[in-house]
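Let's have the full structure, built from the sequences with the hints guiding it.
Residue strings, one per chain:
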Amino acid sequence: MAAETNFEVVGKNLRKVDGPGLVCGKPMFTDDIEMRGLLYGKILYSPHAHARIKKIDKTKALALPGVHAVICHEDVPRIAHTTAGQGYPEPSAYDTFVFDKKVRFVGDRVAAVAAETREAAEEAVKLIEVEYEVLPPILDERKSMDPGAPVIHDEPEAEMIIPVPYDKERNLAGGVNMNIGDVEKGLEEADFKFDYEYIVPYYHHCPQEPHICYAWLDDQDRVVIRTSTQVPFHVRRLVARALDIPVKKIHVIKPRVGGGFGCKQEVYLEQVVAALAMASRRPVKIELTRREEFISGRTMHPEIIHLRTGVKKNGDLTAVHLDILMNTGAYGSHALTVVYNSGGKTLPLYRCPNIKFDGTSVYTNLPVGGAYRGYGATEAYFAIETQMDEMAEAIGMDPVEFRKRNHIKEGETSPVFSALGEGKAGVEQFVESCGLDKCIDLGAEAIGWSRRKDLPRTGIKRRGIGMGTFMQGSSIPHVDMGAAYLKLNEDGSFNLLVGATDLGTGSDTVLAQIAAEVLGVPLTSMIVRSSDTDITPFDVGAYASSTTYLSGMAVLRAAEKTAAQIKKVAGKLLAAEPEQVTLKDSRAFVPGGKSVSLHEIAMDSLYVDNQFQIQDGASAISFKSPPPFAAHFAEVEVDTETGKVTLLKYVAACDCGTAINPALAEGQVEGGVVNGIGFALSEEMLFDSGGRTLNPSFHDYKIFTTVDLPEMRTILVPTYEPTGPCGAKSVSEININGPIPVIANAIYDAVGIRLRRSPFTPERVLEALSEKEKMKQ
Amino acid sequence: MEISCIVNGEKKQFKIEPDETLLNILRREGYLGVKRGCEEGNCGVCTVLMNGRPVNSCVVFGAKADGAEIITVEGLGTPENLNTLQEAFLDEGAVQCGFCTPGFLLSATALLKENPEPSREEVIEALDSNYCRCTGYVKPINAVLAAARKMRGEE
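Respectively, the protein sequence lines represent chains P and U.
The numbers in our numbering rise by one with no breaks, and the one at position 618 of the first sequence is 934.
The numbers in our numbering rise by one with no breaks, and the one at position 86 of the second sequence is 517.
Errors might be hidden in some of the hints.
The calculated lysine to aspartate or glutamate pairs, modelled on EDC-like cross-linking and capped at a C-alpha distance of 20 Å, are [as the list claims (entries may be wrong)]:
no. : chain 1 : residue 1 : chain 2 : residue 2
1   : U       : K495      : U       : D559
2   : P       : K328      : U       : D522
3   : U       : K446      : U       : D497
4   : P       : K965      : U       : D559
To be clear, the hints were calculated from the coordinates, so they are not data collected in a lab.
Next up, the structure:
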């Protein structure tokens, strides 16, 4: 399709295709089915951070009435796999078993039961007798690689199946080193140098629907897995491996998903539920409680970020050295790729001749990191964007101008693109669409950047404004793949079958809008079915900001191929050449105005003459990962007596190329921003000295609600990405990166303290304020 | 024990366990629009209206619902015949994953019945007990305000 933006269906705020059902509470989610004979599964979790299981006695649990299965490491194949729902070969260590003889964090699974009632299952779990040999844990990632530190993965099977840094003897779960130019020389050339450490803690995804999975055996004894996942096809492949059953024996169904944000890219529940269903030969469901979601689920990887930079008085960056220690927890899920992305999705943003990046990902006996919206970029941007602010201040340049001067522009490239991919080298790419300057300008105007100098900075409550700029990517080049299929029905409607996984983002709608645009029909003519491994074509799933960009391209191609078939039939019916036919308003037109409806075309092709099914499919891979861009601004008020930070206003301006459905794109921005605000101000998982999660509940892990919100402003800045479907890039991840550094910069502007550990709780603010006072004296 | 209540305008009798929550009862009886999220009374995805007031059904004992009038999301409208609030949620882009949406709709229903002309602050206050991790709340708030305007005949 040409770079036109005169769209009929694309670019319109149309109702979500699944919307009417959702607002009526129709039974669309995993748990919304009723099954005769359903058993309730429950998992026994480790109370220890690090222990060997010496003995498990299931006798009492099995004797409990209503219990149909109790399984532990003795009952399942011992096959090392990863729970990271990534493409094959996975860049995450095969270091996990369905059940193991060792537990590696408080919340690691020990055994599971299936019983006729939830109560019986809960009771049965308590009756499993486990004898542990408690081992010394590692609860501080800085000590993971110390000589003599306990080895968390001492099992012989653990391995990386691709040649990347991995050394389980030293608790090294992944690593990356990149060097462009000479950072030390660049630092020498700098007029100002900066060298600080930043700490990002454990954050939790908090999907409103906790993990849930059903499994049963169908009429051919195939295992049907109905699960709330972002990666149905990876679920099929990973469960096949973990339970040693052929892929053809597994059927994965993804109903509506109640939010994922990356945590449902993990495949850790499905193998257990499938194993219980196979053991009991009954349908089984496991539904995590909120507490289980916190203690046993996945988290954002905490990072300790050491950033050194140098800048000249004129504003040129001379050196950037990003050195990250990432804690992957007990298992190496995404341990390599998240740390890669901490550099890969941040360092290309600013021009600099000397860039060094060192990333180390280590095991600890704490909860397991996984994919989380932002995927490593969020953590690194905290350091980079606050240090950019410090540089601007040091040289006396407006932070807005400083970023405008240094950020990558259309037509430019960065050596980082080719140096850093995801777990391997990246691909060279030139930026073909960049609306960042406009994002900065519109954002600055919306926040009132010019009044920054006049804000009250004396008294108890002081105000400040901060900003930052960001990029992400769109898909993983040469790795991700999406496929789509279309067929025409008698009434001119189409079935659109996609492997792509709508986890609430609206991708079913967005993809259908792309197809409808090409086929010249209203969105209401599209019947979308997604993510059923028996029915839809393959797709890697919903991650890496790939669905609109990549799966959208597959849909566009499938639609173009289907349109070609329609035009052939239309040409025959209208006595014209297919090339002369245009599709619009559910009709095929030829020059002169004669037309035939899609209904007539379908009837002819299905029933009348030389019949065939008008249908076609297509796949897409990506060759680049075009960055979306964003500029964020925040205004805060800091109470210098209590340390409380009140966020007054937040502005997010984002260039996501063509917004296929602007309202849904804005929703992605706003959802990402508010999650990021939680990171900045209130969210943090806390652990006791034994590695137990202290706040596994919404009582104590505070996510934002309506009353906590600032005034919010979202600005979409349209550009046209020539490699994207209808000009689209990604939008789902980038905006979660903003709030931590932007709010940190605003706090500095208000009260002159640099906070380098998130979240910015009143305690930390007060502490920093008192340090500042001490320094003055 | 047995309770009788009116659910979405229909008289119902349910056999329940004394310690059963209203959430469990409603889901078991087929009101699957009532969602299970935290079972601690925090997140609000299980919100239903009990005698006109929004409650977290996960922390209400079923016995308490004896004689009560309950409205779940199934009582609002159907896909072919959506009510104004449901339409506003779709038109404003206020639905992402939709798991929290029934709770939002019911909290908003209670608000608009009591206060047809709510200010933005009043909407924010009324939706405070409903968590959402997808939307950032901006569009749900806008949707309630838009529905209120429409119900008042202003749009």
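So, going through the hints one by one against the coordinates:
The hinted pair formed by K495/U and D559/U fails the criterion: a straight-line CA distance of about 24 Å is larger than 20 Å. Note on K328/P and D522/U: the hinted pairing holds, with a Cα-Cα distance of about 11 Å set against a maximum of 20 Å. For the hint pairing K446/U with D497/U, the CA-to-CA distance comes to about 11 Å; that is within 20 Å, so the pair holds. Among the hinted pairs, K965/P with D559/U is consistent with the structure: their alpha-carbon atoms are about 19 Å apart, no more than 20 Å.
Checked against the numbered hints given earlier, the structure breaks only hint 1 and satisfies all the rest.
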